[in-house]
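Taken in sequence, the protein lines are chains A and B.
According to the working numbering, the stretch in the first sequence is residues 253 to 609, in order.
According to the working numbering, the stretch in the second sequence is residues 253 to 609, in order.
Among these hints, one or two may not hold up.
Since the list gives no way to pick out one identical chain from another, each pair is judged satisfied if it fits inside one copy or across any two copies.
Under the rule of at most 30 Å between Cα atoms (straight-line distance), these lysine-lysine pairs were calculated in the BS3-like manner [claimed, not checked]:
| hint | residue 1 | residue 2 |
| --- | --- | --- |
| 1 | K288 | K326 |
| 2 | K432 | K443 |
| 3 | K331 | K556 |
| 4 | K486 | K500 |
Hint data in this document are derived by calculation from the structure and do not stem from the laboratory.
Take a look at the letters that make up each chain.
Protein chains: 2
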Amino acid sequence: MLLDSLFLKKLSPDTFFISNWHNIGYLTGFWGSFGKVLLFKNGEIILFSDARYSLLAHKLCEKNGMEYVEISPKDNFWKEFLERKNIKIVGIEADHVTLSQFQRLKKVFGKNVVLKKTKNLMENLRKIKSEEEISLLQKSAVLNDLALQKTIPFLKEGVTEQEIAWIFEKITREELGAEKLAFSTIVAFGKNSAIPHHSPISQKLQKNMPVLIDCGVQKNKYCSDMTRCFWYGKPSVEWIYAYELVLKAQKEGMQKIQTGNSFSDPDIIAREIFGEKESYFTHSFGHGVGLEIHEMPSLSALSKGKFLKNMVVTAEPGLYFPEKFGIRIEDMCIVQEKQNPECFSKSPKDISKIVLC
Amino acid sequence: MLLDSLFLKKLSPDTFFISNWHNIGYLTGFWGSFGKVLLFKNGEIILFSDARYSLLAHKLCEKNGMEYVEISPKDNFWKEFLERKNIKIVGIEADHVTLSQFQRLKKVFGKNVVLKKTKNLMENLRKIKSEEEISLLQKSAVLNDLALQKTIPFLKEGVTEQEIAWIFEKITREELGAEKLAFSTIVAFGKNSAIPHHSPISQKLQKNMPVLIDCGVQKNKYCSDMTRCFWYGKPSVEWIYAYELVLKAQKEGMQKIQTGNSFSDPDIIAREIFGEKESYFTHSFGHGVGLEIHEMPSLSALSKGKFLKNMVVTAEPGLYFPEKFGIRIEDMCIVQEKQNPECFSKSPKDISKIVLC
Numbered sequence: 253m254l255l256d257s258l259f260l261k262k263l264s265p266d267t268f269f270i271s272n273w274h275n276i277g278y279l280t281g282f283w284g285s286f287g288k289v290l291l292f293k294n295g296e297i298i299l300f301s302d303a304r305y306s307l308l309a310h311k312l313c314e315k316n317g318m319e320y321v322e323i324s325p326k327d328n329f330w331k332e333f334l335e336r337k338n339i340k341i342v343g344i345e346a347d348h349v350t351l352s353q354f355q356r357l358k359k360v361f362g363k364n365v366v367l368k369k370t371k372n373l374m375e376n377l378r379k380i381k382s383e384e385e386i387s388l389l390q391k392s393a394v395l396n397d398l399a400l401q402k403t404i405p406f407l408k409e410g411v412t413e414q415e416i417a418w419i420f421e422k423i424t425r426e427e428l429g430a431e432k433l434a435f436s437t438i439v440a441f442g443k444n445s446a447i448p449h450h451s452p453i454s455q456k457l458q459k460n461m462p463v464l465i466d467c468g469v470q471k472n473k474y475c476s477d478m479t480r481c482f483w484y485g486k487p488s489v490e491w492i493y494a495y496e497l498v499l500k501a502q503k504e505g506m507q508k509i510q511t512g513n514s515f516s517d518p519d520i521i522a523r524e525i526f527g528e529k530e531s532y533f534t535h536s537f538g539h540g541v542g543l544e545i546h547e548m549p550s551l552s553a554l555s556k557g558k559f560l561k562n563m564v565v566t567a568e569p570g571l572y573f574p575e576k577f578g579i580r581i582e583d584m585c586i587v588q589e590k591q592n593p594e595c596f597s598k599s600p601k602d603i604s605k606i607v608l609c
Numbered sequence: 253m254l255l256d257s258l259f260l261k262k263l264s265p266d267t268f269f270i271s272n273w274h275n276i277g278y279l280t281g282f283w284g285s286f287g288k289v290l291l292f293k294n295g296e297i298i299l300f301s302d303a304r305y306s307l308l309a310h311k312l313c314e315k316n317g318m319e320y321v322e323i324s325p326k327d328n329f330w331k332e333f334l335e336r337k338n339i340k341i342v343g344i345e346a347d348h349v350t351l352s353q354f355q356r357l358k359k360v361f362g363k364n365v366v367l368k369k370t371k372n373l374m375e376n377l378r379k380i381k382s383e384e385e386i387s388l389l390q391k392s393a394v395l396n397d398l399a400l401q402k403t404i405p406f407l408k409e410g411v412t413e414q415e416i417a418w419i420f421e422k423i424t425r426e427e428l429g430a431e432k433l434a435f436s437t438i439v440a441f442g443k444n445s446a447i448p449h450h451s452p453i454s455q456k457l458q459k460n461m462p463v464l465i466d467c468g469v470q471k472n473k474y475c476s477d478m479t480r481c482f483w484y485g486k487p488s489v490e491w492i493y494a495y496e497l498v499l500k501a502q503k504e505g506m507q508k509i510q511t512g513n514s515f516s517d518p519d520i521i522a523r524e525i526f527g528e529k530e531s532y533f534t535h536s537f538g539h540g541v542g543l544e545i546h547e548m549p550s551l552s553a554l555s556k557g558k559f560l561k562n563m564v565v566t567a568e569p570g571l572y573f574p575e576k577f578g579i580r581i582e583d584m585c586i587v588q589e590k591q592n593p594e595c596f597s598k599s600p601k602d603i604s605k606i607v608l609c
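Next up, chain A with everything else stripped away, as it sits in the complex:
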């Protein structure tokens, strides 16, 4: 967690009401199913939860120098609390608070409290990773690499997409100690690889089929994300050509991931490289990754903003030819000062290494 007090000082309300689960966990280390946080401009934090988490939250707050307050079910709990603390303006998370929750907050905070909408308050903090977070993201990526390498030998004739997805998951959980997957593993054989978000089915692997695996794990709460393509048998010339093109787009796009460049630069260069095939690249170049698998920034051709040091993002161009095949090559990397990013993912992607059997 990187609570930059300079960042907070630039913001307008003195007090922020944080209700998003990831943001609460990021700020406090509390990951219970029910919690709220008041964050003050001076960095002070009050964690709120209910009786179910009393023991846990008390211990945590004692350890981390935060105040813990148990929410009572009585109607005027919040009104009384804010009055007692003399809080009159509260910033709320407009990207997470629903219209119904907003109505309810207005009611329970009382008429004397003004709610100010803030956008991406915590997300802007979370974009830039602390040294501790970088180390955790790297560990998560190493685990992901290792799990994929241990899964590849199971790619044999007759195995199903679902079986491979489950083998990958078991390896991550049982052998490598991941908490869980970062997202449902995509395993696609043959023409299923043309569906970018394909869910594994009972499709069996046959000779001379392309394979796409998009996988990620969560370790110590931090996510990893990587995609590799393989060919089982002897690859077609058409597939090799498309693979090399995607690899080139990924490599050149990734070189644009450095301080000073715009978030849109990698997507734009990838599309240039795809040329007439550009319309088969049906998603954006990448996204931030951290506590969540999709975080800020988004790396699309329309994205605004520039890369800053220690952002961790994916680089994942792809080409999808309906009813034929699809290719995506994805790595996780960290933005560096005016030089190419450091790539966390280490699984080979050279054509000679991804042709199986």
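Put chain B on the given structure of chain A with help from the hints.
Relative to chain A, chain B alone:
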């Protein structure tokens, strides 16, 4: 899915914009990561998604008699679409749309479209289960029962909470074909059972320890939920007394789950039975279950509304004595017409059956 056109006719806008993932899946059978739905009062449905889901969504809509429209990234897509269809008032899901999304919808729908906030539109439909849903919920509960029974023999001295949670998960996925867990399994040994939402740790099972397992699976998208307590060794008199009290509260509370009664009745009777121990019952009596593990209705002492036929809810009173032990007994059951509910969960809960070794 139970799209009651009578229900829709009672509502005010002619067109509803559905953006919640579960509600979209419920209405259309589309479970992609990006989708929107326009639902019309006459029952007509238009599904929207992007190029990644083009193939899948086209096939699904053709099969289910819905229209599919691919969202183009151009700025005025929605404005033009709504104008072409002559749609002037759109109901939106106030419980799911965030303040930021609301601002964005106002912008992309254009000034000529009025947004009307609706509350629990789909959730009210989803509360009452169709015959197909009941059958799926029952299957999910049977699978959950079976997985727990297969897990119990692994409760041996030295096994950890984390190991038991993983054994349960593996059985559900590998042997019994569940898609995934409905929620992270709670396995709590000894005083950890006093934390209602405990996350499994490396705590080892020792002789003369209480055990609490709260587990659920997802099968064909439908969730199950059940909690059982065990004693490993010779139970203490104090624990037996508390167990019998919770069992009584569950039994009598469950008898209140029938048409004509209020959602609050089970919680109120359970608290009466707990008497002076009532303050150790730190959550509510139960909740609806379906596509999500927590759905409407909520069965707390403050809940408004009455049970209707074919609602599926949990009955899960508990007592939690900090630093000592906790007990929760939970079943899933279906509301019937003026008679006791039918219980889906079949795992034994008689004291003679839950004392192990």
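The hints, checked one at a time:
1. K288 with K326: within (16 Å within a copy, 38 Å between copies)
2. K432 with K443: Answer is both; intra-copy 28 Å and inter-copy 26 Å each pass.
3. K331 with K556: So K331 and K556 pass the 30 Å test across copies only (24 Å; inside, 39 Å).
4. K486 with K500: Classified as within; 21 Å inside a copy, 67 Å across copies.
Checked against the numbered hints above, the structure violates none of them.
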